[in-house]
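Make the full structure from the sequences, and use the hints.
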Amino acid sequence: MKKSLKFDKKYLIYLASLSLLTLTEQEIKSLITKLEETVKYIDNINAIQTDSTSPTYQTGDLRNIFFKDGEKNQRKLSQDEVFKNSRNKSNNYFITKKII
Amino acid sequence: MELKGKKLIELISLINSKQLSATEVFNYFLKRSNKYNKQLNAYLTICDNQTGIPIAFKDNFLTRNIRTTAASRVLEHYIPPYNATVVEKLLNKGFSVLGKTNMDAWAHGSSTETSDFGSSKNPWDITRSPGGSSGGASSVVASYLCPVSIGSETAGSIRQPSAWSGVVGLKPTYGRVSRYGVIAMGSSLDSPGVIALSVEDCAYILSIIAGKDKYDATSLTEDVPNYSESIKKNKKYVIGISEEYLKDIEPDIKKNYFKAIEIFKKMGHKIKKIKLIDPSYSVSVYTIIQRAEVSSNLSRYDGLRFGNNRSSFSEEAKKRIILGTFTLTQGYVDEYYKKAQKIRTLIINNFKQAFNNIDLILAPTTPNTALKLGEFQKYSFFGELMDRLNEPSSIAGLPGISIPVGLDKTKLPIGIQIIGKKLDEESVMNLAYQFEKETNFFGIIKELFKKYPD
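In the order they appear, the protein sequences are chains A and B. Under the working numbering, the first residue of the first sequence carries the number 1, and numbering increases by one thereafter. Under the working numbering, the first residue of the second sequence carries the number 1001, and numbering increases by one thereafter.
Worth flagging that the hints you see were computed from the coordinates, not collected in a lab. Among the hints, a few may not be true.
[Claimed, not checked] Cut-off 20 angstroms, straight-line C-alpha distance, at most; resulting in silico cross-link-like pairs (PhoX-like, lysine-lysine):
| # | chain 1 | residue 1 | chain 2 | residue 2 |
| --- | --- | --- | --- | --- |
| 1 | A | Lys29 | B | Lys1378 |
| 2 | A | Lys34 | B | Lys1378 |
| 3 | B | Lys1232 | B | Lys1437 |
| 4 | A | Lys68 | B | Lys1212 |
| 5 | B | Lys1273 | B | Lys1352 |
| 6 | B | Lys1214 | A | Lys72 |
| 7 | B | Lys1451 | B | Lys1038 |
For clarity, every value in this text was computed on a predicted model and none was experimentally measured.
Laid out in C-alpha cells, this is it:
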C-alpha cells in the first residue's frame, strides 16, 4: 500500500514546476535533505488507525455562509485602488504572458 | 509623568481623564521605537505623525497606504489599498499604527530568521531569537517600544514568541477574530490575536477585535462577551495537566511549571491528570495541513496584479509550497492530506473528551527557552518542532494564552500556557488574570525595562 518515496532531483524539479517555482542547484541540494527528513517524520501518522474516522477540514462547524441578497459590498475597491500596485497594466487591464 | 512600564489600559485611562493626550503617548513610544529599533530590528516600518493610541501590527495585517510585506521580498513594495478588519476596528477605537512588526516571511517559522529583512532580536539577549513568527510583535512589547501589538498564530506564532520574550500572548479560538485582510498562511488555522504586558490588556483588545465579520465567511457568529469584566469574576477551576506535554522539556521549564501548579492549588483551583494524544502526531498533522494550505494560498503571488514574481520567494517558502504540492498530489493526497484531516478529528475529540472533566488545560508553552540566532538552520522543520506544544490546540481551533512564569538559570523568560474550550476565552483569561494578580508574573518584565531606558 505504501509507496516508496525518493525526493530525487528529477522529482523535486517536477514538484517545483507544478508549483510554478524555479530552484537553484544549492536549493535543490538543501531541499532534498530537508524534504526527505520531513516526510520520514510525518510518516508517524501511519501508526494511527483512522478507517472509521471522518476528516475535519475546518473547526468552525459553519455551513453555507453567503452575503444576504441585496446586501451592499461596502469594502469594494475602485479600479484605481486595484491597479495601484500593478507594474504591468494597460487601460485598466493587467498584462500577462500569452496563456493559450 | 513617568510612562515607562504602564499597561495599555493605564495609558488609556490617563488619556480619558485628560492627563495625557493620545498624541503625547504616541510620540513617547515613537521616540523609543526609533531609539531601539536598529538594535532589535523589531519593526519593518515605523509610522510617524500619528495622533491615536499607538499599536503595532505584525506585517501580515494589511494597513491601508502603509507598506505591508509579510517580511517577504515578494511584497517588498506592496502598499495595500484597504485595511484588515482587525486594523479597521482598532483605528475606529482611536488607535493609530505605530509600526509594522518583523516576522518570519509569510509567518513560516518560529524565530523570525526566515524574514527577508533580517531577524528580530530578543530584548532579553540580542544574540537570541525573540521567537516567531510574531517575533517582532513580541519584541516591541517586551522592550516597551509599543504598549500592545497584534500578532497572528497558525500554531504557536503568538504563544511561542510571547513565552520567549517574557510577555502575555493570547491566541483566540479559530474564527473568533476575522482573518479578512490578513495575509493567509494556513486558512483553516490562522487566528489573529494579541501580545501585551497584561491579561487585562489582552481582554480589552479582544473585546474590540472579536466578532462576526461578513467579509470572513469563517468568522464565528457567537456574541462577544465583555472580556474586561468577565475576567475579574474570581472563579475556581478544575485544571487538567498532561504527562504527554512534559517529554523533552528543559528542566527549568518543568520546575517553573510545577511551581505554577502549586500556586494554582494554593489559590483554590483543582488539578487533575488527563491523557492527551502525544504532540508528536500533531507535529505531523500540522505540517501536512499547513503545507497544503500554504501551497494553495501562496499560488496567488504571481507578480501580475501586485508584488514581485515567484522568483522572489526564499528557500523556506519554496520548501513549504513544494511539500504542500506533494501532499496534495494525486497518489499522495489520501495518504497524507486526508489522513491528517482524519487525525485532526481524533485530536478534536480527544480534547472534547478531556474537557468533560476539566475546565482548562495547563502546559508549558515551549520545550525550551529562547535559542541563539542561527539555530533554525540546523533543523529540517524547526518551526514545527519549536511549536509542538501549541500545535494540538491550534489544530483543534482552541483558544490559549501564554503567560510568564519566571526566568531560567540563564535569565531567559519561561512561559506556561492555559488552553480552553472552543470560544471559552473568558475562562482562559480569567485564570491567567488571577495568576497575574497573585504573582505579578514575578516582576520579570520590570527587570527587562531597566535595560531599555527612555
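Now the hints, each set against the structure:
With a CA separation close to 15 angstroms, the supplied pair A/Lys29 and B/Lys1378 stays within the 20 angstroms bound. Only pairs whose Cα atoms come within 20 angstroms are accepted, and A/Lys34 paired with B/Lys1378 is accepted, the gap being roughly 10 angstroms. For the proposed pair B/Lys1232 and B/Lys1437, the alpha carbon gap of about 10 angstroms is at most 20 angstroms, so the pair holds. Note on A/Lys68 and B/Lys1212: the hinted pairing holds, with a Cα-Cα distance of about 14 angstroms set against a maximum of 20 angstroms.
Simply put, B/Lys1273 and B/Lys1352 have alpha-carbon atoms about 15 angstroms apart, close enough for the 20 angstroms limit, and the pair holds. A distance of roughly 11 angstroms separates the Cα atoms of B/Lys1214 and A/Lys72; the hinted pair therefore holds under the 20 angstroms criterion. As the CA atoms of B/Lys1451 and B/Lys1038 are separated by approximately 15 angstroms, the hinted pair is consistent with the 20 angstroms bound.
Comparing the model with each earlier hint shows no violations; every hint is respected.
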